[in-house]
Structures are given as C-alpha cells and as structure tokens.
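Residue numbers (the working numbering), protein chains in the order written: chain F, 1 to 175; chain R, 1001 to 1136.
No lab work stands behind these hints: they were computed from the structure. A virtual CB, placed ideally from N, CA and C, is assigned to each residue, including glycine. Be aware that a few hints might be false.
[What the hints assert, rightly or not] Restraint ranges, calculated between C-beta atoms of paired labels, are given here: (1) F:Glu-32 x R:Ile-1077: 21 to 31 Å; (2) F:Trp-3 x R:Ser-1090: 28 to 38 Å; (3) R:Pro-1037 x F:Phe-15: 11 to 21 Å; (4) F:Tyr-42 x R:Ile-1127: 28 to 38 Å; (5) R:Gln-1044 x F:Glu-46: 45 to 55 Å; (6) F:Asp-58 x R:Gln-1044: 33 to 43 Å.
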Amino acid sequence: MSWRLWLPLLAFAGFLGLAAYQLTQPRDEIVESRMIGKALPYFDLEPATASLPGAASDDFKDGQPRLLNIWASWCLPCIAEAPQLERLRNEGATIVGVAIRDRPEDVARFLERHGNPYAAIGSDDLSEVQLGIGSSGVPETFVITGTGKIAYQHIGDIRERDVPILLEKLREAGE
Amino acid sequence: MRSLCLSLVLALFAFAPLAAQQSVPPAPFAYRQLDNPGEEALAQELMETLRCLTCQSQSIADSDAPMAGDMRHQVRIRIAAGESPEEIRSWLMQRYGDYVSYRPEVSATTWPLFAVPVLILIAALAIFRRRFARRA
C-alpha cells in the first residue's frame, strides 16, 4: 500500500484541526471605522439637554482639536468612563458629546449624577452621526483635528490607561 | 405557572438596558415600509444583505436592535430619495469596510476563497484525465 493513500485523510485531519483551532479563538467583535483620515461628515444636532448647546460639524473647524464622544445615558460602560472624561477635560481637552437615542431629562439626570465633562451635546435620535462616522456602538470616542478631520477612534469605554493615549493623539491633532 | 411568571419577571429585568435604549421612539422608517412597493422591494433586498453592527450575526432586516432600525431608516429614506442599493452599500462600506455587507466581495484578503475551489477543480480534472488516459 502506497503512503500516498493517506494524503487525503491527512488533508482532512489538517482541515479539522484548523477548524477546531479557530473555534477556540475568541471572536473579534470590534468593527473599526474606515473614516480615519477623512473629513467629519456634515451634521447639525439639536441640544440633547437644556443646559448645553447642540453639536454641529462646523464647530470642529475653528483650528482647535476636540474629542467627539458618542454615548448615551442608558449605556452602562458610559458611566464607567465618566471619571476618565472628567480627567481628560481637566487636562485641557474639549469634549463634544453626541447622545444616541436619548431623552433630555435622562441626559440631565446622567450629567447630574456622573458629572458633566462636555462643552456641548447634540442629540442623535436616528444614529445619523454614528453611522456617518463609522461608529458601531456606545461609547466610542474620536479625536477630531482643528480642520474637522477624523484622526483617531477609541472603541469602548475609556480606561485609565487610555487617557494619556487620547491626550497624545489630541496633541498630535493640534500640530 | 408561578415559575413561569418568575422567569418572565427575571427576563424583564435582564432586558432593562435594551428597554432603556428604546425610550425614544424608533426611527420613522425603521418599521414602516415605503409606500412605493417597488422601492420597498429594493430596500428589503438590500437590508437582507447588510449586517447589523451591534448584533453581528443578523442582517438589519432580521434584527430588532435599535441601531438596526436606524440603519433600515437610512436605507429606506435613501432609496426613496433615488439612491441605488449599490450606492447605499458602498456608502456603508466606506464607513465599516467589508464587514457590514454580507455580499461576497473579491478583495486582497478574500481572493483565496474564490481561487481555491477553481484550483481544486483543475487538479481534480487533471487527476481524472490521467487515470482515464491510462486505462484507454
């Protein structure tokens, strides 16, 4: 019997092994935005709460880089990142919020309870800004240059270790 | 019966964050079909091949996630405004990459999927030819 008879079986076993290995690997659920390096799409959002102005894409073109934070009062990780946004604000970052499918009273309650690091919050009931910018969930934070270009995307809640990275990206965006 | 009630109550609590996402009414065209049946058919066909981003194993036509509703709204208003389904697909792919589309695309990473079956077929034909040639 020729050894070559075993080749198909070996190939099949190799395929099974590959499939078994891939099944044990964690699924990559992060969808990165392809809009990095491109201009912020046009938007003009109503204020999400009475105490703050709304947000428009034109606000981002005054030469000053900003953080664009996509969040919602119903989002639990957004509570976890609130202190980090506060720290970023204290370090000099200007943070513009976009509240996804949120009610003004819920936004106000969230800010009262978890602090308000925002300079402005726009209300996005149709996820229009979110879809326009290539964001697939809350929270996500984008660094926008002073000319309104998307420079960096942070997916998920901002942890302590992400604060210096975001500050650095913000500094780079200002150059 | 009691355990059923209990599990229903527990289920309600489990879905509380989802319920909170829906405190704002869904986008106008998330669940409403377009008046023009031809346009609605185009929209429906496209929606079945677009992936929901928050519930990644479903199409936006199948998903009740609020974000899928917002994507259906985008698809329907853009179709109604005269955009073609492929324009809308490429608009989304410019933002989310191949990921958002279920329609197979030949690209730098996916070409082996298309090339390997062709190669196997050619190899199989070659083997058959050799075998039959020998017998003849």
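How the hints compare with the structure:
no.	hint	in the structure
1	F:Glu-32 x R:Ile-1077: 21 to 31 Å	26 Å, holds
2	F:Trp-3 x R:Ser-1090: 28 to 38 Å	51 Å, violated
3	R:Pro-1037 x F:Phe-15: 11 to 21 Å	46 Å, violated
4	F:Tyr-42 x R:Ile-1127: 28 to 38 Å	59 Å, violated
5	R:Gln-1044 x F:Glu-46: 45 to 55 Å	31 Å, violated
6	F:Asp-58 x R:Gln-1044: 33 to 43 Å	36 Å, holds
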